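Can you make the complete structure from the sequences, with help from the hints?
For reference, the chains in residue letters:
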Amino acid sequence: MEYRKIKIDKLSNFINAIIAKNKKLLAPKQKKEKVFFAEIKSFDEIAKNYIQTAFSAKSAVFPKCEELFSYEKINGETVLKNPPPPENDTVVFGVRPCDGAAFDYLATFFLKENPDFHFKQRYDKTILIGITCESGDEFCFCTSVGISPSDTRGLDIMLTKLENEYYVEIITDKGSKLIQEFSEYFENAEKIDKTKYTANIPEYFNNKLVREKLSDAFAWEKWDESSLPCFGCGTCAFSCPTCTCFDIQDEANPYGGSRLRLWDTCAIGLFTKHASGHNPREKQSERWRNRVLHKFLYTDEQFGTLSCVGCGRCSRNCPASLSIIDQVKAIMEV
Amino acid sequence: MSELISKVGQYFDSQIIDLFIGYTQGNNGFGKPAFFTNKEQLNKLTFNEQCIVNLAVYLRKPELKKYSKIGILANVGTLRAILQLTAENQIKDGQYLILTVKDNKVIEFVNLKAIEEWVSNNMPEPNPERIAKMKEFEALTQEERWAFWTQELASCVRCYACRAACPLCYCEQCVVECNQPQWVGVPATGLGNLEWHIVRAMHLAGRCIGCGECEAACPMEIPIGFLTQKLNMEIAKKFGQIPGTKLEPDYALSTFKVDDKENFIR
Chain F
98 MEYRKIKIDK LSNFINAIIA KNKKLLAPKQ KKEKVFFAEI KSFDEIAKNY IQTAFSAKSA
158 VFPKCEELFS YEKINGETVL KNPPPPENDT VVFGVRPCDG AAFDYLATFF LKENPDFHFK
218 QRYDKTILIG ITCESGDEFC FCTSVGISPS DTRGLDIMLT KLENEYYVEI ITDKGSKLIQ
278 EFSEYFENAE KIDKTKYTAN IPEYFNNKLV REKLSDAFAW EKWDESSLPC FGCGTCAFSC
338 PTCTCFDIQD EANPYGGSRL RLWDTCAIGL FTKHASGHNP REKQSERWRN RVLHKFLYTD
398 EQFGTLSCVG CGRCSRNCPA SLSIIDQVKA IMEV
Chain D
249 MSELISKVGQ YFDSQIIDLF IGYTQGNNGF GKPAFFTNKE QLNKLTFNEQ CIVNLAVYLR
309 KPELKKYSKI GILANVGTLR AILQLTAENQ IKDGQYLILT VKDNKVIEFV NLKAIEEWVS
369 NNMPEPNPER IAKMKEFEAL TQEERWAFWT QELASCVRCY ACRAACPLCY CEQCVVECNQ
429 PQWVGVPATG LGNLEWHIVR AMHLAGRCIG CGECEAACPM EIPIGFLTQK LNMEIAKKFG
489 QIPGTKLEPD YALSTFKVDD KENFIR
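As you go down the protein sequences, you meet chains F and D in turn.
Count along the first sequence starting at 1, add 97, and that's the number in our numbering.
Count along the second sequence starting at 1, add 248, and that's the number in our numbering.
Check before you lean on any hint, since a few could be wrong.
To be verified - Below are the DSSO-like pairs computed for lysine-lysine, each with C-alpha atoms no more than 30 Å apart in a straight line: (1) D:K478 - F:K129; (2) D:K309 - F:K426; (3) F:K426 - D:K340; (4) D:K381 - F:K131; (5) F:K319 - D:K292; (6) F:K380 - D:K314; (7) D:K317 - F:K380; (8) F:K319 - D:K309; (9) D:K340 - D:K314; (10) F:K370 - D:K255; (11) F:K131 - D:K478; (12) D:K381 - F:K145; (13) F:K380 - D:K340; (14) D:K314 - F:K370; (15) F:K126 - D:K381; (16) F:K128 - D:K381; (17) D:K317 - F:K319; (18) D:K292 - F:K380; (19) D:K383 - F:K129; (20) F:K380 - D:K313; (21) F:K310 - D:K309; (22) D:K292 - D:K314; (23) F:K128 - D:K486; (24) D:K383 - F:K126; (25) D:K313 - F:K426; (26) D:K255 - F:K319; (27) F:K380 - D:K287; (28) F:K426 - D:K287; (29) D:K383 - F:K131; (30) F:K319 - D:K314; (31) D:K292 - F:K310; (32) D:K478 - F:K128; (33) D:K309 - F:K161; (34) F:K310 - D:K314; (35) D:K292 - F:K370; (36) F:K319 - D:K287.
Claimed, not checked - Some chain F residues close to chain D (C-beta under 8 Å, calculated; not the full set): (37) T295; (38) E322; (39) P326.
If you're looking for bench data, these hints aren't it; they were derived computationally from the structure.
Being a predicted model, the structure only gives us computed values, none of them experimental.
The beta-carbon is built from N, C-alpha and C at its ideal position, and this holds for glycine as well.
So this is what it looks like as structure tokens:
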């Protein structure tokens, strides 16, 4: 790993220079009450003083709706077309360490076994600039799932705010290329200890023990009771940085059409409903159980990594105030 | 709060209820929906101005079928939803034990008629901020409104949280889940998003009790409550109907009356 530093007032020049080079820049931006990742045209648009964005920047590599292919009938022949690759790089600025880890999980999910063409097209052109968390809130629990608020996993570049400057860690080749392209804004630096500049996030549970407990929890009698407040809105899945389930839809007319991949959620009954009408997850509690087991057990079995990164969005956004921390703690008390 | 807790405790003791739906204090300052199955859990029961989730949304949960008698702590929105659900034949008299709290006094409704009376005397004042915002909308030209809504609705992710949070959205199969024919486009993009929100607003026109849960649940901060609110204002003006205030069905968009003033319907 290489290290640099950048003066606080130079950061805006760096960001504006990236935009001037026609790269797409996504950054946290205030909407009304909440902050969302959005394309910005100037550093001034970036939100300040927020803990976490309402949604992650997942859509940069896995959009809510994307075309897998299109086809057109030309003189009786059907012509298939792949969507074109993105022309320019996308730079995502202000990625929290939990979201960096989530990008790492997304890459494992989409690229490890059968590399997904569409994901790869976007992922290869996406550069993630992370930022160390200086504070957290009561929903943050990254340390409980093995991530620290200054973790560099999954990121290309990591910034940590010191007294008068940002400490810059260059993690990947993609990150190194970007820093080289804009090297005039950076100075050389030595490795430092980031602890002093990092938020203190309490550890609510030990995920290894949670995993052991969950491997035996499918028939836990309290799933019903603990999920009663859930009315199945699906906000947890839509705002989750690691939820990857999708729906496939064809949009067609007599002359052509396209196949689309859309975000989906296991929180609603239709997700598992069979054509016969039978639904193996008839009740909301069964859907809630699936969510908990998927995040803390199933992906660990499949990929050797949890798919919960402790960002807290599911709980922060839940209209029924359900808390994933409370749920895991309740299971651990059994 | 002690009167409420002791009263609900007595209901558990005398086996009048085996489940009570109320609130506990949530992490975010708001009341958190909570389900109590025995007296010992009631020390966490709370009720205040910040308990705004409309608990009527839970009454349709299949998980509740295993409880023989359910008690529910209702704010005005919940009571109005109960009235509207009764008018739509979804709730029967005596099916639930319904309580509210006003000025620190616990009120138990002896029947649904009592709720109708109570609601007529306790209708909430319209929120001045919302009225001002509605006036702003009304002052816009049609083109400006179209531009506003197409932009706002473009961010919709089609999670259907608005539908899930709505106590009046109880269709077993929603029109968007119908795919033969596919009435509403599924992708979370321009046209499909518009279609979904227009369908939703029209289906709730004259039925929406204005609790605001759809808007509160929307993770994208889309002000969708204004669509149903505006339709309700029109219906109130033209037909004098206010949803969630009467036990008898009184639904402008599906009621036929022989003395209808319009000729086309006769």
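Evaluation of the provided hints:
no.: 1; hint: D:K478 - F:K129; verdict: holds, 22 Å
no.: 2; hint: D:K309 - F:K426; verdict: holds, 25 Å
no.: 3; hint: F:K426 - D:K340; verdict: violated, 39 Å
no.: 4; hint: D:K381 - F:K131; verdict: holds, 19 Å
no.: 5; hint: F:K319 - D:K292; verdict: holds, 19 Å
no.: 6; hint: F:K380 - D:K314; verdict: holds, 13 Å
no.: 7; hint: D:K317 - F:K380; verdict: holds, 20 Å
no.: 8; hint: F:K319 - D:K309; verdict: holds, 16 Å
no.: 9; hint: D:K340 - D:K314; verdict: holds, 18 Å
no.: 10; hint: F:K370 - D:K255; verdict: violated, 42 Å
no.: 11; hint: F:K131 - D:K478; verdict: holds, 25 Å
no.: 12; hint: D:K381 - F:K145; verdict: holds, 27 Å
no.: 13; hint: F:K380 - D:K340; verdict: holds, 24 Å
no.: 14; hint: D:K314 - F:K370; verdict: holds, 23 Å
no.: 15; hint: F:K126 - D:K381; verdict: holds, 23 Å
no.: 16; hint: F:K128 - D:K381; verdict: holds, 17 Å
no.: 17; hint: D:K317 - F:K319; verdict: holds, 20 Å
no.: 18; hint: D:K292 - F:K380; verdict: holds, 26 Å
no.: 19; hint: D:K383 - F:K129; verdict: holds, 20 Å
no.: 20; hint: F:K380 - D:K313; verdict: holds, 11 Å
no.: 21; hint: F:K310 - D:K309; verdict: holds, 28 Å
no.: 22; hint: D:K292 - D:K314; verdict: holds, 23 Å
no.: 23; hint: F:K128 - D:K486; verdict: violated, 36 Å
no.: 24; hint: D:K383 - F:K126; verdict: holds, 28 Å
no.: 25; hint: D:K313 - F:K426; verdict: holds, 27 Å
no.: 26; hint: D:K255 - F:K319; verdict: holds, 26 Å
no.: 27; hint: F:K380 - D:K287; verdict: holds, 26 Å
no.: 28; hint: F:K426 - D:K287; verdict: holds, 23 Å
no.: 29; hint: D:K383 - F:K131; verdict: holds, 24 Å
no.: 30; hint: F:K319 - D:K314; verdict: holds, 14 Å
no.: 31; hint: D:K292 - F:K310; verdict: holds, 27 Å
no.: 32; hint: D:K478 - F:K128; verdict: holds, 24 Å
no.: 33; hint: D:K309 - F:K161; verdict: holds, 29 Å
no.: 34; hint: F:K310 - D:K314; verdict: holds, 27 Å
no.: 35; hint: D:K292 - F:K370; verdict: violated, 37 Å
no.: 36; hint: F:K319 - D:K287; verdict: holds, 18 Å
no.: 37; hint: T295; verdict: violated, 23 Å
no.: 38; hint: E322; verdict: holds, 7 Å
no.: 39; hint: P326; verdict: holds, 4 Å
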